[in-house]
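A.B. asks: If you want the building blocks of each chain, they are given just below.
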Amino acid sequence: GNSVTQMEGPVTLSEEAFLTINCTYTATGYPSLFWYVQYPGEGLQLLLKATKADDKGSNKGFEATYRKETTSFHLEKGSVQVSDSAVYFCALSGPSPTSGTYKYIFGTGTRLKVLA
Amino acid sequence: DAGVTQSPTHLIKTRGQQVTLRCSPKSGHDTVSWYQQALGQGPQFIFQYYEEEERQRGNFPDRFSGHQFPNYSSELNVNALLLGDSALYLCASSVSGGLTDTQYFGPGTRLTVL
Numbered sequence: 034g035n036s037v038t039q040m041e042g043p044v045t046l047s048e049e050a051f052l053t054i055n056c057t058y059t060a061t062g063y064p065s066l067f068w069y070v071q072y073p074g075e076g077l078q079l080l081l082k083a084t085k086a087d088d089k090g091s092n093k094g095f096e097a098t099y100r101k102e103t104t105s106f107h108l109e110k111g112s113v114q115v116s117d118s119a120v121y122f123c124a125l126s127g128p129s130p131t132s133g134t135y136k137y138i139f140g141t142g143t144r145l146k147v148l149a
Numbered sequence: 050d051a052g053v054t055q056s057p058t059h060l061i062k063t064r065g066q067q068v069t070l071r072c073s074p075k076s077g078h079d080t081v082s083w084y085q086q087a088l089g090q091g092p093q094f095i096f097q098y099y100e101e102e103e104r105q106r107g108n109f110p111d112r113f114s115g116h117q118f119p120n121y122s123s124e125l126n127v128n129a130l131l132l133g134d135s136a137l138y139l140c141a142s143s144v145s146g147g148l149t150d151t152q153y154f155g156p157g158t159r160l161t162v163l
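Chains as they are written, first to last, in the numbering used here: chain V, 34 to 149; chain H, 50 to 163.
What the hints contain is simulated information worked out from the structure, not anything from laboratory work. There may be inaccurate statements among the hints.
What the hints assert, rightly or not - In the DSS-like style, the derived pairs of lysine-lysine whose C-alpha atoms are separated by at most 30 Å in a straight line are: (1) K101/V x K85/V; (2) K136/V x K89/V; (3) K85/V x K136/V; (4) K82/V x K75/H; (5) K136/V x K101/V; (6) K75/H x K93/V; (7) K75/H x K89/V; (8) K110/V x K93/V; (9) K101/V x K89/V; (10) K110/V x K82/V; (11) K110/V x K136/V; (12) K85/V x K62/H; (13) K82/V x K101/V; (14) K136/V x K93/V; (15) K82/V x K62/H.
Unchecked claim - Computed spacing ranges between beta-carbons, pair by pair: (16) T161/H x T61/V: 31 to 39 Å; (17) L132/H x E41/V: 20 to 28 Å; (18) S114/H x K93/V: 20 to 28 Å; (19) P110/H x E49/V: 42 to 50 Å; (20) S76/H x Y63/V: 26 to 34 Å; (21) K93/V x P110/H: 36 to 44 Å; (22) G62/V x A87/H: 24 to 32 Å; (23) V144/H x N92/V: 18 to 26 Å; (24) D150/H x E41/V: 24 to 32 Å; (25) P57/H x T141/V: 35 to 43 Å; (26) E41/V x S114/H: 18 to 26 Å; (27) T141/V x A129/H: 23 to 31 Å; (28) D150/H x S116/V: 24 to 32 Å; (29) N55/V x A87/H: 21 to 29 Å.
Said to hold, decoys possible - From the derived model, a few chain H residues whose C-beta atoms are all more than 12 Å from chain V: (30) K62; (31) T69; (32) D79; (33) E101; (34) N120; (35) S135; (36) V162.
Don't be surprised by glycine CBs; every beta carbon is placed ideally from N, CA and C.
Build out the structure end to end from the sequences listed, making use of the hints.
C.D. replies: Quick look at the structure:
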């Protein structure tokens, strides 16, 4: 079935460091891909999305490119801030290979801690 | 513009009891999906409601049921609670009944089963 695999955390960086959080997926057809962020005690917020191959999603300095050839959607940011400390979830929305209906599948999340 | 709201914020129940969680979607949204997020895990899809009917369902037992009202708000009911049902329950809303659409999440209800 469809699945999402994220790099395990926690990831600890100093302020202004470069961030990469890896995400790869397995899916039927052409899923939409998402990154969500969850701050402590809060629900998930959409960070960025891409709906077709080679699309680049971007928001708040974060970027991710939909790479169909490598089935990846890695999250990057050139210079992280303390306020970026949160849990980041990669997700896909695509048709189930068995039922054909669309479902959201989330990765297990990667905790990012940024030190001042 | 109000976002997705959920109530209550926290809830403590004992095994065997029943619980009802509530969700109001973002203004203009007509579709509600429910997720269970265990500690340290990603959200797991429970089911989705559109036009007052359950349209899709994840791998959850029949103890989990729901309802959508004419104003698009929704309830999640869990019967015969188990310790393993302890989790953060998230509601997400979207437009036009599709899971390909961007979903907007509420802050969640933290359920503890003792």
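A.B. asks: Give me the numbers of the hints this structure contradicts, sorted from smallest to largest.
C.D. replies: 12, 15, 18, 25 and 26
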